[in-house]
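Visitor: Single-letter residue listing:
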Amino acid sequence: MSGKPKLHYFNGRGRMESIRWLLAAAGVEVCLYGSLLFQQVPMVEIDGMKMVQTRAIGNYIAMKYNLYGKDLKERALIDMYVEAVIDLNELLMTHILQPADKKEQHLATIVDKATNRYFPVYEKVLKDHGQDFLVGNHFSRADVQLLETLLMVEEIKPDILAKFPLLQSFKARISNIPTIKKFLQPGSQRKPPLQEKDLPKVMKIFH
Amino acid sequence: MAGKPKLYYFDGRGKMESIRWLLAAAGVEFEEEFIETKEDLEKLRNDGVLMFQQVPMVEIDGMKMVQTRAILSYIAAKYNLYGKDLKERAWIDMYVEGTTDLMGMIMYLPFQPADTKEKNLALIIERATTRYFPVYEKALKDHGHDYLVGNKLSWADIHLLEAILMAEECKPDILSAFPLLQAFKGRTSNIPTIKKFLQPGSQRKPPTDEKFVAIVRKIFNI
Numbered sequence: 001m002s003g004k005p006k007l008h009y010f011n012g013r014g015r016m017e018s019i020r021w022l023l024a025a026a027g028v029e030v031c032l033y034g035s036l037l038f039q040q041v042p043m044v045e046i047d048g049m050k051m052v053q054t055r056a057i058g059n060y061i062a063m064k065y066n067l068y069g070k071d072l073k074e075r076a077l078i079d080m081y082v083e084a085v086i087d088l089n090e091l092l093m094t095h096i097l098q099p100a101d102k103k104e105q106h107l108a109t110i111v112d113k114a115t116n117r118y119f120p121v122y123e124k125v126l127k128d129h130g131q132d133f134l135v136g137n138h139f140s141r142a143d144v145q146l147l148e149t150l151l152m153v154e155e156i157k158p159d160i161l162a163k164f165p166l167l168q169s170f171k172a173r174i175s176n177i178p179t180i181k182k183f184l185q186p187g188s189q190r191k192p193p194l195q196e197k198d199l200p201k202v203m204k205i206f207h
Numbered sequence: 001m002a003g004k005p006k007l008y009y010f011d012g013r014g015k016m017e018s019i020r021w022l023l024a025a026a027g028v029e030f031e032e033e034f035i036e037t038k039e040d041l042e043k044l045r046n047d048g049v050l051m052f053q054q055v056p057m058v059e060i061d062g063m064k065m066v067q068t069r070a071i072l073s074y075i076a077a078k079y080n081l082y083g084k085d086l087k088e089r090a091w092i093d094m095y096v097e098g099t100t101d102l103m104g105m106i107m108y109l110p111f112q113p114a115d116t117k118e119k120n121l122a123l124i125i126e127r128a129t130t131r132y133f134p135v136y137e138k139a140l141k142d143h144g145h146d147y148l149v150g151n152k153l154s155w156a157d158i159h160l161l162e163a164i165l166m167a168e169e170c171k172p173d174i175l176s177a178f179p180l181l182q183a184f185k186g187r188t189s190n191i192p193t194i195k196k197f198l199q200p201g202s203q204r205k206p207p208t209d210e211k212f213v214a215i216v217r218k219i220f221n222i
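Protein sequence lines, in the order shown, are assigned to chains A and B. Residue 207 is where the first sequence ends in UniProt numbering, and the numbering goes up by one at each step. Residue 222 is where the second sequence ends in UniProt numbering, and the numbering goes up by one at each step.
With the rest of the complex left out, here is chain A:
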C-alpha cells in the first residue's frame, strides 16, 4: 500500500470528490483509508507529504500528472475555468443543507447560475476553438472538473444541458476517456450523491 496516495475523509463526496476525479483521470491508484478524521479534511498522504486544502492538493496532482497545461498562460486559463467550476460546486454542495422551505429557491439559483453564467462560457470556449478539450488541445484538469460538475448538475436537473450541444458532446467524449470511463463504472471510488438520510451522520462528524 505504501507509495499510493492515501485519502483521509468521510465516505462521501464533499470536498474530496474533485480530488478522487483528478487521481482517477490520471490513472493513479489510491489507498482507501475510510473514516479517520483530523482537524482538517480532506487530507491526502502523497509523496511523503500530508497535504491539506483541496485546492493545494488538486494543484499538486494536476501538475504532477501533466494535467495543468504546458505553460503559464495555459495554466492561467485552466485555473480560471476550474475556479468557476468550484464556485458552482460549492452551490451544489450546499443544496442538501438547505432547509425544506428554501430548497426550491436554491435549486432555481443553481439552475440559473449554471445555465446563464457558467455553461455558456464553456460552450463558447469549445465553439470558438472547435477542439476536443478546453485548453491547449490537450486533456487537462479543466476537462475533468468540468465533466464532474456537469454530471452533478444533471443529477438535480437531468435536462440541464438541453441548450448546450457542445457541452453534451464534450460530456460524452470525456466520459469515454478510458481512465474516466473506468471511474464512472460501478465499483469505482466515485461516491454517490449524499442522501438526505445520511445527512445527520455527516453533520455529526463535522460539528
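The set of hints was computed from the structure by calculation and includes no laboratory data. C-beta atoms are modelled at their ideal positions from N, C-alpha and C, and glycine is treated no differently. Heads up, some of the hints might be wrong.
[Said to hold, decoys possible] With a cut-off of at most 25 Å between alpha-carbon atoms, the simulated PhoX-like pairs for lysine-lysine come out as follows:
1) K113(A) <-> K43(B)
2) K87(B) <-> K6(A)
3) K70(A) <-> K78(B)
4) K113(A) <-> K15(B)
5) K64(A) <-> K152(B)
6) K204(A) <-> K191(A)
7) K50(A) <-> K84(B)
8) K64(A) <-> K87(B)
9) K73(A) <-> K78(B)
10) K113(A) <-> K171(A)
11) K70(A) <-> K84(B)
12) K117(B) <-> K211(B)
13) K64(B) <-> K127(A)
14) K171(A) <-> K181(A)
15) K73(A) <-> K4(B)
16) K87(B) <-> K73(A)
17) K87(B) <-> K50(A)
18) K64(B) <-> K73(A)
19) K73(A) <-> K6(B)
20) K218(B) <-> K113(A)
21) K84(B) <-> K64(A)
22) K70(A) <-> K87(B)
23) K103(A) <-> K197(A)
24) K163(A) <-> K127(A)
25) K73(A) <-> K84(B)
26) K43(B) <-> K124(A)
27) K157(A) <-> K181(A)
28) K152(B) <-> K50(A)
[Claimed, not checked] Calculated Cβ distances over 10 Å to all of chain B for the following chain A residues:
29) L92
30) A108
31) F133
32) L151
33) Q168
34) Q185
35) S188
[Unchecked claim] To be clear about the criterion: a stretch of chain B counts as covered by chain A if any three or more of its residues have a C-beta under 8 Å from a C-beta of chain A, and this derived list gives those stretches:
36) 43-56
37) 61-72
Got chain A; can you put chain B on it based on the hints?
Guide: What follows is chain B alone, placed relative to chain A:
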C-alpha cells in the same frame, strides 16, 4: 507592447486586496479602474470583458483574467514567488489557502448583521489564534528561516503578512502568543517593495468602512 496590469474592482479591499499586495511586493506598478455604481458593473458585463460576469478582473499580458486565485497564481508564478519546484509550490498553496480562509472571514465581517458581529469577531480571533497562526509559527520554528518556504520570499509570506495585519486590525495584540510571527511581521514589512506599499499614498486600501459596504450593497442589491 505590454502595459501595466490594470485592476477592475471597487475602491476597497475585498477580493482584490491580495492581488494588490502581491503585485506591489513583486515591484510591479499597476493601474486601477474603480466600479462605483451598478451601471459601471453593467457596462463591464455588457462589454463582455468579465468572463463569468464577476470581478476581480485584471488585464495582464493580453489576458482579461478573472477568478482571484487564478490571478494570484499567475502573478506568483510570473514573478518567481511560487517556489522552485512542485513540492515548494504545494507548501505555498497550503499556506496560502489557510490565510485565504482567515482573511475571508475578516472580509465578510462588515457585511454581517450587527447583532452577529460580536460573535463572528470572537470566532475570527479564535480561529486565528488556535487554527491558523500556530501552523505558521511552527513552520518558522521548525526550519528557523526568515521565510515560510524554501528560504526565499514567496507568495506565502506576502499573504501571511497581509493576514497578520488584517487580524491585528481586529485585535491589536493578536500576535502576543506568537513571537516568531511578530519577528516575521517586522522583517517582512521591511522588504523595500512591501515597506513602500505600507506607506501612506500607496495603492493599499484602508479597512472596509461603512461607505464601502454601502457601495457594494447598492451594486449587488443586498
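Visitor: Take a quick look at whether K218(B) and K113(A) sit within 25 Å of each other, Cα to Cα.
Guide: Measuring from Cα to Cα gives roughly 21 Å; hence the hint holds.
Visitor: Over 10 Å from every CB of chain B: does S188(A) meet that, or does the non-interface label fail?
Guide: The claim holds: S188(A) sits with its nearest Cβ about 26 Å from chain B, beyond 10 Å.
Visitor: Should the label of L92(A) as a non-interface residue stand, given a Cβ cut-off of 10 Å to chain B?
Guide: L92(A) is indeed farther than 10 Å from all Cβ atoms of chain B, at 16 Å.
Visitor: Quick one, are K152(B) and K50(A) close enough, alpha carbons at most 25 Å?
Guide: Given that 25 Å is the threshold and the Cα spacing comes to 22 Å, the pair holds.
Visitor: Please work out if K73(A) and K4(B) have their alpha carbons no farther apart than 25 Å.
Guide: holds, 17 Å
Visitor: May I ask you to check that F133(A) keeps its beta-carbon over 10 Å from the closest beta-carbon of chain B?
Guide: holds, 18 Å
Visitor: Do three or more residues of the segment 61-72 of chain B come closer than 8 Å to chain A, measuring C-beta to C-beta?
Guide: Contact hint for the segment 61-72 of chain B vs chain A: holds, 8 residues under 8 Å.
Visitor: Quick one, are K73(A) and K78(B) close enough, alpha carbons at most 25 Å?
Guide: At roughly 10 Å apart (the allowed maximum being 25 Å), K78(B) and K73(A) satisfy the hint.
Visitor: Given the hinted pair K87(B) and K50(A), is their alpha-carbon gap at most 25 Å?
Guide: Holds. K87(B) to K50(A) sits at ~12 Å (cutoff 25 Å).
Visitor: With a cut-off of 25 Å on the C-alpha distance, tell me whether K64(A) and K152(B) pass.
Guide: Distance of about 23 Å is within 25 Å: holds.
Visitor: With the threshold set at 25 Å, check whether the alpha-carbon distance from K64(B) to K127(A) stays at or below it.
Guide: Answer holds: K64(B) to K127(A) is near 19 Å, not above 25 Å.
Visitor: Verify the proposed pairing of K64(A) with K87(B), using a straight-line Cα cut of 25 Å.
Guide: Distance of about 10 Å is within 25 Å: holds.
Hint violations for this structure: none, all hints satisfied.
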